[in-house]
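Chain by chain, the residues:
2 protein chains.
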Amino acid sequence: MLGRLIIDDVRPRTPGGYPAKALVGGVVTVKADIFREGHDLLAARARWRPTGGTWATEPMALDVNDRWEAELTPTQVGRHELQVEAWTDHFATWRHDVELKAGADPHDSLATEIEEGALLIGRLAKRAPKEARPVLLAAVAGLRDGARSRDERLNAGLDDHIAALLTGVVDDTDLTRSDKLTLWVDRELAGFAAWYELFPRSEGGLAGAAKRLRAVAAMGFDVVYLPPVHPIGTTHRKGRDNTLVADADDVGSPWAIGAAEGGHTALHPDLGDIDAFDGFVDEAATNGLEVALDYALQCSPDHPWVRQHPEWFHHRPDGTIKYAENPPKKYQDIYPINFWPERDADRKALWQACKEILDHWISHGVRIFRVDNPHTKPFAFWEWLLPAVQAEHPETVFLAEAFTRPKLMAKLAEVGFTQSYTYFTWRNEKWELEQYLGELCAEPLVDYMRPSFWPNTPDILAGPLRNGPPSAFRLRFLLAATMTPVYGIYSGYELSENQPASPTNEEYLHSEKYELRERDWDDPGSLAPFITSVNDARRRHPAFAQLRTLRFHEATDDAIITWSKTDPATGDVVLCVVNLDPIGWHEATLALDMPVLGLGWDDTYDVIDELTGSTYTWTGSHPYVRLDPARQPGHVFAIRARS
Amino acid sequence: MLGRLIIDDVRPRTPGGYPAKALVGGVVTVKADIFREGHDLLAARARWRPTGGTWATEPMALDVNDRWEAELTPTQVGRHELQVEAWTDHFATWRHDVELKAGADPHDSLATEIEEGALLIGRLAKRAPKEARPVLLAAVAGLRDGARSRDERLNAGLDDHIAALLTGVVDDTDLTRSDKLTLWVDRELAGFAAWYELFPRSEGGLAGAAKRLRAVAAMGFDVVYLPPVHPIGTTHRKGRDNTLVADADDVGSPWAIGAAEGGHTALHPDLGDIDAFDGFVDEAATNGLEVALDYALQCSPDHPWVRQHPEWFHHRPDGTIKYAENPPKKYQDIYPINFWPERDADRKALWQACKEILDHWISHGVRIFRVDNPHTKPFAFWEWLLPAVQAEHPETVFLAEAFTRPKLMAKLAEVGFTQSYTYFTWRNEKWELEQYLGELCAEPLVDYMRPSFWPNTPDILAGPLRNGPPSAFRLRFLLAATMTPVYGIYSGYELSENQPASPTNEEYLHSEKYELRERDWDDPGSLAPFITSVNDARRRHPAFAQLRTLRFHEATDDAIITWSKTDPATGDVVLCVVNLDPIGWHEATLALDMPVLGLGWDDTYDVIDELTGSTYTWTGSHPYVRLDPARQPGHVFAIRARS
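As given, the protein sequences belong to chains A and B, one line each in that order.
Note that our numbering numbers the first sequence so that position 614 is 614, with each residue one more than the last.
Note that our numbering numbers the second sequence so that position 597 is 597, with each residue one more than the last.
Calculated from the structure, these hints are not laboratory results.
Treat the numbers as computed from the prediction; the structure is a model and nothing was measured.
Glycine included, each C-beta is placed from N, C-alpha and C at the ideal position.
Don't take each hint at face value.
[To be verified] Partial pick of chain B residues on the chain A-facing surface, computed with a CB cut under 8 angstroms: (1) Glu37; (2) Glu115; (3) Leu119; (4) Arg123; (5) His315; (6) Pro317; (7) Asp318; (8) Gly319; (9) Ile321; (10) Ala324; (11) His375; (12) Pro406.
[Said to hold, decoys possible] Mimicking DSS-like on lysine-lysine, the simulated pairs with C-alpha atoms at most 25 angstroms apart in a straight line are: (13) B/Lys407 x A/Lys31; (14) A/Lys407 x B/Lys348; (15) B/Lys322 x B/Lys348; (16) B/Lys180 x A/Lys180.
[Said to hold, decoys possible] These stretches of chain A come out as covered by chain B in the derived footprint (C-beta under 8 angstroms, 3 or more residues): (17) 8–19; (18) 403–414.
Model the full structure from these sequences, guided by the hints.
See below:
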């Protein structure tokens with residue numbers, strides 16, 4: 001049976017009832033449709049707590065169209081409960097009605113209404129804080145004071161002070177509660193971070209890679225992500241450029257995990273021992289970086305699990321183990337795992353073993369995992385694994401590397417992935433970017449999916465980067481770093497590495513997945529200074545940590561894309577204007593939605609380019625911009641209103 | 001724990017899990033997001049049954065973006081259950097993969113794949129219909145026939161005939177079911193009907209009103225709706241034109257229900273006795289009409305309940321019963337009911353008594369109720385009452401007369417109202433109509449709320465009808481009757497009664513709510529012929545019974561509104577082009593979305609005006625129209641493609 005009030009469409013929530021996502025220190029707007037029959041006024045509040053903790057409450061206010069809102073700011077990581085409570089505000093209703101009646105007829109004694117008010121305030125006084133009671137009881141006496149005039153008696157109850165004392169006093173005669181929602185609160189890095197991916201073997205192993213960390217940190221990155229660091233199989237090992245037969249000195253793909261030396265909890269001997277690994281993690285921390293590891297649940301034919309647990313793999317009628325296929329392509333160097341063995345005990349042991357891989361690396365200080373191809377493993381597995389790990393280590397972050405259909409990507413985010421790779425790499429035109437960001441910023445998706453934009457990965461060299469000039473690399477970097485709070489690049493990007501494997505293949509020529517790669521980090525053409533300036537601007541402006549406040553503004557040229565972001569906590573606003581053509585200059589007149597920028601339509605204001613330091617003074621909503629990619633791909637403006 | 005497959009966002013459904021609505025003989029499109037990890041092909045079906053009945057199944061087909069659909073056509077009224085089932089189509093996956101492999105490498109024996117196919121077909125044969133098994137087992141033998149070539153063996157399994165036999169065979173190894181959804185199936189009249197409201201007392205009571213029924217039926221109406229037929233209170237009775245003091249001969253408002261003669265189950269003596277009522281219902285049926293009664297849960301101070309059950313009313317501190325108020329307005333002739341008496345036994349008795357009113361009139365052949373102000377009664381009451389009545393009489397129809405905020409109106413529909421009054425009366429401009437219809441046609445609202453458009457009611461004379469010419473009445477009638485499957489008018493409309501109570505009041509001058517009204521039904525200016533022609537067109541075209549297929553098309557003039565509707569079962573299409581200006585002629589070039597009309601972009605086709613019989617031959621998507629309101633408010637076109 002329905003409650004006395006209706007509380008519908010409470011948010012944030014996910015379609016399937018999994019926890020919505022929030023950040024420590026980030027504003028969570030709780031919303032609900034709240035109404036009841038008739039015309040009485042209502043009151044509502046949100047209550048919330050860390051699971052098992054103490055409830056806190058926040059009053060909700062009516063926005064429009066029976067939609068109520070409250071803003072919460074979580075202060076600790078982990079699972080939270082959230083509930084909306086609403087009740088009829090009998091006092092506000094009485095006050096509203098009696099004021100109208102008194103104004104409409106000065107001769108009506110309103111004796112009954114006055115006594116109704118006295119009874120009501122007397123009843124609510126019992127539910128009010130103790131210190132408020134004397135004043136409330138005095139109001140009751142004033143209402144009933146026959147020696148006073150009608151309006152004097154009324155004023156004893158209508159006084160603003162009485163209303164203030166009764167605000168938020170819960171009237172339990174028709175108190176109605178929504179279902180409980182859950183919220184997963186992550187630490188700040190889970191929602192605002194710049195990632196940098198590198199192959200330690202190209203740097204001479206973990207010890208050598210540790211020497212790169214200072215430079216990576218200096219560019220402004222927060223996370224250094226390593227492809228799998230485990231022993232690599234030799235059976236059917238792939239050669240350079242993904243050839244089927246490897247030479248004796250070919251290093252193989254790190255994703256062909258497992259060899260005689262061990263599996264997912266072992267280190268490749270060439271990278272160093274566990275002390276080298278711990279040293280790498282420590283050196284990262286010293287530089288203000290966190291280490292992210294790859295979590296790729298697949299095995300080379302040489303992985304110890306293949307011998308120890310053949311029941312964890314798929315078998316063919318001839319008894320052999322099935323290798324990976326995407327017909328007609330064959331991946332004989334990889335055995336996919338069978339997550340649904342016939343015996344449920346085998347399934348449980350397998351899933352537990354998968355968790356123990358994470359436990360192992362967590363015990364070595366890793367709290368971030370980039371998960372390889374999660375969409376080829378059961379959703380039920382992730383639904384179990386991710387909360388199980390986060391129950392013990394709530395600060396753990398999982399990035400889903402799923403480039404698949406939109407509903408699968410959303411579902412992975414819903415069942416618990418902290419961040420998600422996206423289609424950004426294939427969104428280059430203005431309309432494509434506007435449409436895609438529109439999807440990512442819309443409820444309910446924005447309540448549980450955190451997109452991470454990657455201009456490149458070791459697998460993907462796409463769009464204008466293919467044989468593209470450094471200006472294309474600046475452009476795509478600027479978009480990724482300023483559109484989404486979380487983004488990343490794969491090393492070599494700053495050197496504008498641009499050679500594709502073929503005109504149609506999106507892989508790199510001489511892909512680092514199959515061979516070591518030497519680079520000249522001191523190349524004078526390096527984009528490191530540009531990257532540093534963008535990351536610095538990101539850190540200066542909390543608006544860059546926001547996604548749901550992103551709004552596009554119009555521009556008269558289809559190559560000029562314009563958007564703003566606002567941080568609701570600080571009011572910080574940034575305005576980005578980017579030329580999507582990496583070759584030619586473009587000019588446009590913008591049509592800025594001034595209220596979105598916190599400005600009036602005819603205001604005069606300064607815009608300060610956070611990348612160059614240049615300041616322009618604009619008036620009104622239609623400024624002119626001209627962007628030459630040879631100089632800079634776009635403006636990242638802070639806005640300073642002129643008083 | 002999640003199932004092996006994901007089945008999300010199953011529709012039709014309501015946000016709160018109440019039954020979605022369907023009609024006997026109407027197409028229900030069942031939709032679901034269905035996917036699983038990896039790349040295997042899937043199969044799915046919808047299964048459904050009347051509650052307690054036998055399951056029927058319908059195969060689902062993949063539409064786009066992991067959205068699957070099936071079409072059902074319910075055949076009986078009442079509550080139904082609906083569920084989506086999905087499983088991995090291992091055979092289709094095998095077939096797809098092995099065809100690619102065979103094509104890619106003619107020298108690969110594919111021995112393992114062939115044996116996999118034999119095992120798979122052998123396993124599925126056990127689940128297939130008995131008559132299919134011999135052919136399937138022959139295919140298994142063919143696959144294993146070492147005397148044949150590779151491709152001969154393969155073809156034994158790849159033959160289309162095998163695929164056809166295995167289509168729909170449920171593979172229970174990973175069969176996954178969605179939650180059960182509920183569907184309420186109404187009879188056709190609940191979803192497609194024209195209503196006509198009349199005050200029988202103005203026709204000399206029920207016997208006199210019965211003589212009007214032939215004319216009402218001749219105009220093409222399906223339902224004749226009577227305001228309350230009960231005794232009317234005398235205490236604080238309202239006089240003519242809603243004056244506070246009634247003269248001795250004033251008849252009072254039928255909504256001030258109850259007097260010494262009885263309450264909601266009694267008839268007003270002036271209308272006739274129960275035999276006259278039964279006779280009216282019979283005469284309606286003879287004319288192909290159904291009778292709708294008003295269900296107004298409020299009492300005059302003279303209602304028997306006031307003495308018998310004072311606990312069913314609100315009391316003031318001085319012991320008196322509260323009359324209705326909308327401060328500062330007072331309605332002393334009406335006592336609202338207190339649906340939440342202190343004692344729950346009183347609440348149950350009250351709610352039961354409310355149901356018994358309906359039971360009484362149902363026992364006299366009434367199956368349609370227009371419910372007065374349902375938004376001032378608890379949602380929990382309707383949530384209980386409507387299904388309780390429909391459980392016993394599933395053909396019962398409830399129209400919600402709620403002109404309130406959108407979320408309350410939607411919630412009333414969700415908890416069980418069959419049809420809903422709307423804001424149509426206040427939507428006159430093209431953009432207003434397009435926006436409002438857009439809301440009404442959108443999921444999920446269209447799955448459970450059936451809008452009923454009323455150009456006028458006894459309470460509402462609005463927009464261009466106020467002091468408006470007959471052309472305004474034709475215009476608003478045409479919109480109501482062709483935009484929504486259910487609509488109604490209040491009698492006098494056909495006589496273009498247009499005098500408002502005042503320049504600001506939306507009531508009629510000399511409102512029939514407070515006095516009898518004489519009319520000359522034979523007025524030569526009557527719109528009855530026009531109304532008849534529109535209702536005839538509605539009956540000829542099943543597309544008019546559709547709402548969710550309504551699509552607007554563009555026109556170059558803001559006064560010309562253009563839309564089409566399609567009936568998915570028959571393919572019937574109607575195209576309406578209406579001039580929203582009741583005074584001046586307008587012309588426009590249309591921009592028709594030709595595929596929506598079942599036409600190619602450059603087709604030549606006839607459009608036949610169903611109101612005038614005129615036929616025009618058009619070519620392409622940009623025809624020209626000119627509409628003079630002195631002649632007709634708009635075209636209602638049938639479309640005939642030229643071969």
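Against the structure, the hints come out as follows:
no. : hint                : in the structure
1   : Glu37               : 5 angstroms, holds
2   : Glu115              : 4 angstroms, holds
3   : Leu119              : 6 angstroms, holds
4   : Arg123              : 12 angstroms, violated
5   : His315              : 10 angstroms, violated
6   : Pro317              : 4 angstroms, holds
7   : Asp318              : 6 angstroms, holds
8   : Gly319              : 10 angstroms, violated
9   : Ile321              : 12 angstroms, violated
10  : Ala324              : 10 angstroms, violated
11  : His375              : 6 angstroms, holds
12  : Pro406              : 7 angstroms, holds
13  : B/Lys407 x A/Lys31  : 14 angstroms, holds
14  : A/Lys407 x B/Lys348 : 47 angstroms, violated
15  : B/Lys322 x B/Lys348 : 21 angstroms, holds
16  : B/Lys180 x A/Lys180 : 22 angstroms, holds
17  : 8–19                : holds (count 4)
18  : 403–414             : holds (count 5)
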